[in-house]
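For reference, the chains in residue letters:
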Amino acid sequence: QVQMVQSGAEVKKPEASVKVSCKTSGYSFTTYGFIWVRRAPGQGLEWVGWINTYDGDTIYAPRFQGRVTMTTDTSTNTGYMELNSLTYDDTAVYYCARGRAGYYHFDYWGQGTLVTVSS
Amino acid sequence: QSALTQPASVSGSPGQSITISCTGTSSDVGGYNSVSWYQQSPGKAPKLIIYDVNNRPSGVSPRFSGSKSGNTASLTISGLRADDEADYFCNSFTSSVTYIFGSGTTVTVL
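Chains D and P are the protein sequences, given in the same order. Residues 4 to 122 in this note's numbering are what the first sequence spells out, letter by letter. Residues 106 to 215 in this note's numbering are what the second sequence spells out, letter by letter.
Hints were generated in silico from the structure; no laboratory data involved. Among the hints, erroneous ones may be present.
[To be verified] Derived DSSO-like pairs: lysine-lysine, alpha-carbon spacing no greater than 27 Å straight-line:
no.	chain 1	residue 1	chain 2	residue 2
1	P	Lys173	D	Lys16
2	D	Lys16	D	Lys26
3	D	Lys26	D	Lys15
4	D	Lys22	P	Lys173
5	D	Lys26	P	Lys152
6	P	Lys152	P	Lys173
7	P	Lys149	D	Lys15
8	D	Lys26	P	Lys173
9	P	Lys149	D	Lys22
All chains should be built: construct the whole structure from the sequences, respecting the hints.
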């Protein structure tokens, strides 16, 4: 069965970086891409970006452009999202989700990773 | 545009039907048949319940249905049940080749 297992909670100081992982199993890794989404406390879902696992092509939401980097490791079927220059507003639960190029929905999700930015 | 527009909350009694709207523009909701809907319960990951405006993934109850007219998409939950209480988010592909979520709607079963 399809599984997407994310790394554990992180606490970071302002201006630091965080890297969240999403290890997958149960499907052909390069057939599907990833999106990363976050939900801050009291807020809604926010789309962070997309990575095509086949060719590594990325598309980032404009507000994260220059601050986020998405990568994948096809040897371990794992996706990564690194966010730099953290501020308190980056405190949120970050989710990975599976999507397919040319399709417009995301059918399997990781369990979420809480990133807390605190001094 | 930071988010598609949804009502903050919708409520209904068990057995009733409710509808959640999701309003965007011709650059997102109105321009593509790509609207999907996600249900998120507290402490859980979002769950896909509708894709491509009106399609249900395998295993999702037929009580959930979707539609679209112009720049507004809608999710209808019929035969409302207590376990439908959750936050609901729409999502659309955009002309900028990005995705945008709705502001979210909290469903309360009275």
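Hint check results:
Restraint check for Lys173/P and Lys16/D: not satisfied, since their Cα atoms lie roughly 44 Å apart, outside the 27 Å limit. For the given pair, Lys16/D sits about 25 Å from Lys26/D by alpha-carbon distance, which is consistent with the 27 Å threshold. For a cut-off of 27 Å, the pair hint linking Lys26/D to Lys15/D stands: about 22 Å separates their Cα positions. At roughly 38 Å between alpha-carbon atoms, Lys22/D and Lys173/P are farther apart than 27 Å, so this suggested pair is violated.
About 18 Å separates the Cα atoms of Lys26/D and Lys152/P, which keeps this hinted pair within 27 Å; it holds. About 20 Å separates the Cα atoms of Lys152/P and Lys173/P, which keeps this hinted pair within 27 Å; it holds. Between Lys149/P and Lys15/D the CA atoms are separated by roughly 23 Å; this keeps the pair inside 27 Å, and the hint holds. Simply put, Lys26/D and Lys173/P have alpha-carbon atoms about 35 Å apart, too far for the 27 Å limit, and the pair is violated.
Between Lys149/P and Lys22/D the alpha-carbon distance is near 21 Å, which keeps this suggested pair within the 27 Å criterion.
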